[in-house]
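Engineer: Make a model of the complete structure from these sequences and hints.
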Amino acid sequence: GAGVSQTPSNKVTEKGKYVELRCDPISGHTALYWYRQSLGQGPEFLIYFQGTGAADDSGLPNDRFFAVRPEGSVSTLKIQRTERGDSAVYLCASSPRQGSYNEQFFGPGTRLTVL
Amino acid sequence: TQLLEQSPQFLSIQEGENLTVYCNSSSVFSSLQWYRQEPGEGPVLLVTVVTGGEVKKLKRLTFQFGDARKDSSLHITAAQPGDTGLYLCAGGRNTDKLIFGTGTRLQVFP
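Sequence order for the protein chains is L and B.
So the first sequence is numbered by this note's numbering: it starts at 14 and just counts up by one.
So the second sequence is numbered by this note's numbering: it starts at 29 and just counts up by one.
Hints should not be assumed to be uniformly reliable.
[Stated by the list, open to error] Reference excerpt, derived from the structure (chain L facing chain B, CB under 8 Å, subset only):
(1) Y46
(2) Q54
(3) A68
(4) D70
(5) F78
(6) P121
[As the list claims (entries may be wrong)] Calculated lysine to aspartate or glutamate pairs in the EDC-like style (CA-CA distance at most 20 Å, straight line):
(7) K85(B) with D111(B)
(8) K85(B) with E45(B)
(9) K84(B) with D99(B)
(10) K85(B) with D95(B)
(11) K30(L) with D99(L)
(12) K85(B) with D99(L)
(13) K84(B) with E116(L)
(14) K28(L) with E116(L)
(15) K24(L) with E69(B)
[As the list claims (entries may be wrong)] Taking CB as the label site, the calculated pair distances span:
(16) T90(B) with T43(L): 29 to 37 Å
(17) L73(B) with K28(L): 33 to 41 Å
(18) V81(L) with V78(B): 31 to 39 Å
(19) A96(B) with N75(L): 45 to 53 Å
(20) L73(B) with T89(L): 22 to 30 Å
(21) S51(L) with S58(B): 25 to 33 Å
(22) D70(L) with L73(B): 22 to 30 Å
(23) S58(B) with E27(L): 37 to 45 Å
(24) T65(L) with Q42(B): 21 to 29 Å
(25) E43(B) with D76(L): 34 to 42 Å
(26) D69(L) with G44(B): 37 to 45 Å
(27) S71(L) with E66(B): 27 to 35 Å
(28) S58(B) with G66(L): 17 to 25 Å
Rather than coming from a laboratory, the hints here were simulated on the basis of the structure.
For glycine and all other residues, C-beta sits at the position ideal for the given N, C-alpha and C.
Structural biologist: Pasting the structure below:
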């Protein structure tokens with residue numbers, strides 16, 4: 014079956030622009046997570062959805078970052094007024110049920126470069 | 029602030045050698061997972077441990093969760109080039125998000 018997919022795979026933008034990153038989770042997975050991974054580091058939690066609602070958004074760095082999951086499946090991470098420090102790989106993961114002991118299935122990520 | 033520190037940060041060894049990667053924290057976790065990540069891909073789960081002192085084996089890989097559930101180790105016996113990758117530990121704490129470690133980049137030469 015299809016795994017988690019993310020589009021685009023690469024995104025280059027200029028400082029100050031708006032970007033949207035898309036995540037298609039595994040069909041039927043109710044939990045969806047966004048992480049950010051800087052070069053040589055482990056992923057850093059951003060936000061978690063259970064169904065359509067954001068259950069925990071404590072990892073979003075500031076109000077330029079926003080994520081939605083309107084129908085409980087596809088999710089979009091939105092970044093306004095991008096800054097060079099936003100450059101990273103943005104990873105999405107889904108899980109069939111909530112609980113941090115459950116396996117999270119990761120997508121390949123979107124590499125964002127802000128010039 | 030990274031709550032989970034991994035050591036070593038980099039490891040470069042010859043095929044056939046044994047190695048151990050450590051994941052340490054001053055905080056208690058309810059579960060600990062180990063992932064492996066290859067370039068251009070997302071992390072892939074290797075194992076989950078939930079009980080203090082628990083040991084799990086996966087072929088040549090042995091995982092241990094510390095008695096106090098603050099630390100973990102991953103031991104690889106007779107490493108192979110296919111083991112090359114970024115190894116990540118990740119802790120859970122009765123919430124749904126994972127706290128990832130700093131990562132250990134392993135390179136195994138033939």
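Engineer: Each hint: holds or not?
Structural biologist: Hints and how they fare:
1. Look at Y46(L): its Cβ gets to within about 7 Å of chain B, closer than 8 Å, so that hint holds up.
2. A hinted interface residue such as Q54(L) counts as satisfied when its beta carbon comes closer than 8 Å to some beta carbon of chain B; here the least separation is about 6 Å, so the hint holds.
3. For A68(L), the shortest C-beta to C-beta distance to chain B is roughly 7 Å, which falls under 8 Å, so the interface hint holds.
4. Interface restraint check for D70(L): the shortest CB-CB distance to chain B comes to about 10 Å, outside 8 Å, so the restraint is violated.
5. Look at F78(L): its Cβ only gets to about 15 Å from chain B, farther than 8 Å, so that hint breaks.
6. Below 8 Å, beta-carbon pairs count as interface contacts, and P121(L) has one with chain B at about 5 Å; its hint therefore holds.
7. Of the pairs offered as hints, the one joining K85(B) and D111(B) holds, with about 15 Å between alpha carbons and a cut-off of 20 Å not exceeded.
8. As the CA atoms of K85(B) and E45(B) are separated by approximately 18 Å, the hinted pair is consistent with the 20 Å bound.
9. Restraint check for K84(B) and D99(B): satisfied, since their Cα atoms lie roughly 14 Å apart, inside the 20 Å limit.
10. Restraint check for K85(B) and D95(B): satisfied, since their Cα atoms lie roughly 17 Å apart, inside the 20 Å limit.
11. Restraint check for K30(L) and D99(L): satisfied, since their Cα atoms lie roughly 11 Å apart, inside the 20 Å limit.
12. Proposed proximity of K85(B) and D99(L) is contradicted: the alpha carbons are some 38 Å apart, above 20 Å.
13. For the suggested pair K84(B) and E116(L), the alpha carbons sit about 16 Å apart, so the restraint of at most 20 Å is met.
14. Distance hint between K28(L) and E116(L) is unfulfilled; the C-alpha atoms sit about 36 Å from each other, more than 20 Å.
15. Between K24(L) and E69(B) the alpha-carbon distance is near 16 Å, which keeps this suggested pair within the 20 Å criterion.
16. Distance hint check: the CB atoms of T90(B) and T43(L) are about 33 Å apart, consistent with the given range 29 to 37 Å.
17. In this structure, L73(B) and K28(L) meet the distance hint of 33 to 41 Å, their C-beta atoms being roughly 36 Å apart.
18. For V81(L) paired with V78(B), a C-beta distance near 32 Å keeps the hint of 31 to 39 Å intact.
19. A C-beta distance of roughly 35 Å is found between A96(B) and N75(L), which places it outside the suggested range of 45 to 53 Å.
20. Restraint check, L73(B) to T89(L): a C-beta distance of roughly 25 Å satisfies the suggested window 22 to 30 Å.
21. Checked against the given bound of 25 to 33 Å, the beta carbons of S51(L) and S58(B), roughly 26 Å apart, stay inside it.
22. For D70(L) paired with L73(B), a C-beta distance near 24 Å keeps the hint of 22 to 30 Å intact.
23. Distance hint for S58(B) and E27(L): a CB-CB separation of about 43 Å, consistent with the stated range 37 to 45 Å.
24. A beta carbon spacing of about 51 Å between T65(L) and Q42(B) contradicts the range 21 to 29 Å that was offered as a hint.
25. In this structure the supplied range 34 to 42 Å is violated for E43(B) paired with D76(L), their Cβ-Cβ distance being about 50 Å.
26. A hinted range of 37 to 45 Å for the beta carbons of D69(L) and G44(B) is consistent with their spacing of about 44 Å.
27. Judged by the Cβ atoms, the range 27 to 35 Å given for S71(L) and E66(B) holds: they are separated by roughly 29 Å.
28. Checked against the hint of 17 to 25 Å, the pair S58(B) and G66(L) passes, with Cβ atoms roughly 23 Å apart.
Hint check: violations occur at hints 4, 5, 12, 14, 19, 24, 25; the rest are consistent with the structure.
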